[in-house]
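First to last, the protein sequences are chains A and B.
Residues 1 to 221 (the working numbering) are what the first sequence spells out, left to right.
Residues 1 to 246 (the working numbering) are what the second sequence spells out, left to right.
Everything labelled a hint here was simulated from the structure, so no lab data went into it.
One thing to keep in mind: the hints can contain errors.
Simulated restraints, written as ranges between beta carbons of each label pair [claimed, not checked]: (1) A:ILE28 - B:GLY187: 26 to 32 Å; (2) B:GLN136 - A:THR176: 56 to 62 Å; (3) A:VAL187 - B:ALA5: 41 to 47 Å; (4) B:ASP224 - A:THR176: 51 to 57 Å; (5) B:ASP10 - A:ARG123: 20 to 26 Å; (6) A:ILE28 - B:ARG87: 15 to 21 Å.
Covered, in the sense of this in silico footprint (three residues per stretch, anywhere, with C-beta under 8 Å from a C-beta of chain B), are these stretches of chain A [stated by the list, open to error]: (7) 3 to 11; (8) 61 to 74; (9) 117 to 127; (10) 172 to 180.
Interface residues of chain A toward chain B, partial, derived using beta-carbon atoms under 10 Å [stated by the list, open to error]: (11) LEU82; (12) ALA153; (13) THR154; (14) VAL155; (15) SER157; (16) LEU159; (17) LEU166; (18) GLY167; (19) VAL183; (20) ALA193; (21) ASP197; (22) LEU199.
Keep in mind that this is a model prediction, so the values were computed, not measured.
Idealized CB from N, CA, C, for every residue including glycine.
Each chain is listed here by its residues.
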Amino acid sequence: MVIDWGWIAGHLDDIVAALWQHIVLVGIPLATGFAISLGLGIWAVRRPRVYGPITAVTGVLYTIPSLAAFALLVPVFGFSMLVAFIPLTTYTLLILFRNIVAGFQSVPSEVLEAADAMGYRQRDRLLRVEIPLAVPLMMAGLRLAAVTLIGLATVVSILGSGYGGLGQLITDGLQTFFPTKYVLGGVLSVALAVVVDLLFVRTERRLTPWAGARATGAVPA
Amino acid sequence: MNEVARWLADPATWQGGTGIPVRVLEHLAIVAASIAAATLVALPVGLWIGHTGRGATLAVNLANVGRAVPSYAVIVIVLPFSLSFSRELGLNVIPTFLAMVLLAIPPILVGAYAGLREVDRDLVESARGMGLRERQVLTGVEIPLAAPVIVGGFRTAVLNVIATATIGAVLGFGGLGRYILDGRLRGIGGTGELIGGAVLVALLAVGVDLVLAVVQRWLSRRADPSLGPARGYRDLPAIPLADGAP
């Protein structure tokens with residue numbers, strides 16, 4: 001397998017464009033998924049009965065193989081970006097929802113009682129006590145969801161055209177038997193996952209200064 | 001919906017080498033083969049790391065790398081190597097299989113490692129104190145108690161592998177992904193095939209995962225009888241919680 005460095009040097013614009021497309025392809029579903037999961041998480045903490053059903057539904061959505069999920073939406077939306085955005089959003093829900101709920105549950109009950117005793121209203125307690133203390137577990141969920149989505153988003157290019165991100169490099173490289181393109185697509189995808197993961201770790205340290213130099217370990221399977 | 005019904009009603013959809021029964025078997029066969037191959041590698045290593053506590057960093061890093069590598073990229077990058085094995089199978093079956101094995105190893109290994117690590121160390125020590133040999137500690141105490149987590153690793157691996165086998169259709173592998181790709185190529189006329197194939201893949205994945213979930217629940221109950229009767233999916237995380245701890 002020979003990498004054609006000359007091609008890479010001559011096509012930096014296209015490569016950066018594919019990378020940026022991939023970031024959009026992952027970023028919008030991740031943000032949407034986080035907003036939905038935060039809402040569902042707050043609901044599940046207030047009404048524990050809904051936790052089971054939400055986990056079951058998001059679990060089934062998570063189980064559907066990516067290529068099938070994209071294919072199911074093609075007749076509904078044609079080959080538009082929604083075909084990619086909707087399944088990529090639903091893939092985040094199980095991971096984010098469960099981690100957000102676990103984050104809220106990790107807040108000690110003494111802290112909540114202290115907040116109540118200090119006269120916090122429910123909304124202020126949520127925004128200024130519960131969410132900040134749930135940040136480490138929420139961030140762990142975001143890291144896992146982001147890394148998962150970056151890999152899954154490469155599959156979009158198999159069905160779609162024009163907005164496949166780094167997957168487009170893989171598909172084009174495969175169709176033209178040009179290893180440089182598909183190896184580059186795979187390598188950049190892994191590199192993006194590593195960089196995004198590190199960015200989330202740094203953000204978490206910023207958001208939880210009280211945690212000090214506590215080591216942020218890797219996420220188990 | 002009409003197109004899907006028409007496609008399903010067509011006898012040709014069900015017969016011969018491209019019929020649904022054959023495609024389902026192809027799909028399940030490559031899933032079973034790749035999980036078996038991955039287990040041969042990953043399970044002994046994962047159990048050893050979990051039992052001895054040595055090489056834990058390796059297990060954690062492998063889990064992260066395994067998650068970050070896209071299966072589509074693995075299938076395609078493996079292609080030139082597999083073509084050198086065999087001109088015929090190297091184009092479809094072998095790259096799909098190799099990618100599936102590579103992607104199934106991390107979750108199985110990490111499941112075995114994490115399961116054993118979670119077993120109460122006092123129990124392991126008292127088993128040793130009772131005179132059990134290391135092998136007996138492993139098979140009689142650690143593995144039964146860790147079984148639900150170990151099966152959890154298998155569930156993740158099987159999920160990944162079913163999805164990857166679908167993507168294998170890009171290279172001409174059979175299986176249910178074939179219908180999605182062929183339907184896509186036939187344009188409007190292939191809508192029934194495209195959707196029908198996608199529904200079949202989704203049903204297969206959800207069905208297999210449900211079976212493994214039931215196995216996992218049964219093992220959890222055996223490992224910890226105090227759990228009491230099942231309360232639905234609550235006990236059955238499809239994926240372990242990301243808790244930020246190594």
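Quick rundown of the hints versus the structure:
1. Restraint check, A:ILE28 to B:GLY187: a C-beta distance of roughly 28 Å satisfies the suggested window 26 to 32 Å.
2. For B:GLN136 and A:THR176, the hinted distance range of 56 to 62 Å is satisfied, since their beta carbons lie about 58 Å from each other.
3. Separation of A:VAL187 from B:ALA5 is about 44 Å and conforms to the stated range, judged on CB atoms against 41 to 47 Å.
4. Range check, B:ASP224 to A:THR176: about 55 Å between beta-carbon atoms, so the 51 to 57 Å window is met.
5. Our hint of 20 to 26 Å for B:ASP10 and A:ARG123 is violated, since their Cβ atoms are close to 58 Å apart.
6. As the Cβ distance of A:ILE28 to B:ARG87 is approximately 43 Å, the hint placing it in 15 to 21 Å is violated.
7. Counting residues of the stretch 3 to 11 of chain A whose beta carbon lies closer than 8 Å to any beta carbon of chain B gives 0, which falls short of the minimum of three for the stated coverage.
8. Taking a C-beta to C-beta cut-off of 8 Å, the stretch 61 to 74 of chain A contributes 11 residues in contact with chain B, enough for the three needed, and the coverage statement holds.
9. Counting residues of the stretch 117 to 127 of chain A whose C-beta lies closer than 8 Å to any C-beta of chain B gives 0; at least three are required, and the coverage claim is violated.
10. Coverage of the stretch 172 to 180 of chain A by chain B holds. Counting CB-CB distances below 8 Å, 3 residues qualify, and the rule asks for three or more.
11. Taking 10 Å as the C-beta contact cut-off toward chain B, the hint placing A:LEU82 at the interface is violated, the least distance being around 16 Å.
12. Here the hint on A:ALA153 is kept, as its CB sits about 8 Å from the closest CB of chain B, short of 10 Å.
13. Annotation: A:THR154 was flagged as interfacial toward chain B, and the flag holds, the nearest CB pair being 4 Å apart, inside 10 Å.
14. Residue-level restraint check for A:VAL155 holds (minimum Cβ-Cβ distance to chain B is 5 Å; threshold 10 Å).
15. Hint status for A:SER157: holds, given a least beta-carbon distance of 8 Å to chain B, under 10 Å.
16. With its C-beta approaching chain B no nearer than about 6 Å, A:LEU159 sits inside the 10 Å limit, and its interface hint holds.
17. The beta carbon of A:LEU166 is positioned within 10 Å of a beta carbon in chain B (closest approach about 8 Å), and the interface hint is therefore held.
18. The closest approach between the C-beta of A:GLY167 and any C-beta of chain B is roughly 6 Å, which is under the 10 Å cut-off, so the hint is satisfied.
19. For A:VAL183, the interface hint holds, the least distance from its beta-carbon to any beta-carbon of chain B being 6 Å, beneath 10 Å.
20. Checking A:ALA193 against chain B by beta carbon gives a least distance of about 4 Å; that is within 10 Å, so the hint holds.
21. Of the supplied interface hints, the one on A:ASP197 holds, with its beta-carbon coming within about 8 Å of a beta-carbon of chain B, less than 10 Å.
22. A distance limit of 10 Å between C-beta atoms decides the matter here; for A:LEU199 the minimum to chain B is near 14 Å, and the interface restraint is violated.
Checked against the numbered hints above, the structure violates hints 5, 6, 7, 9, 11, 22; every other hint is satisfied.
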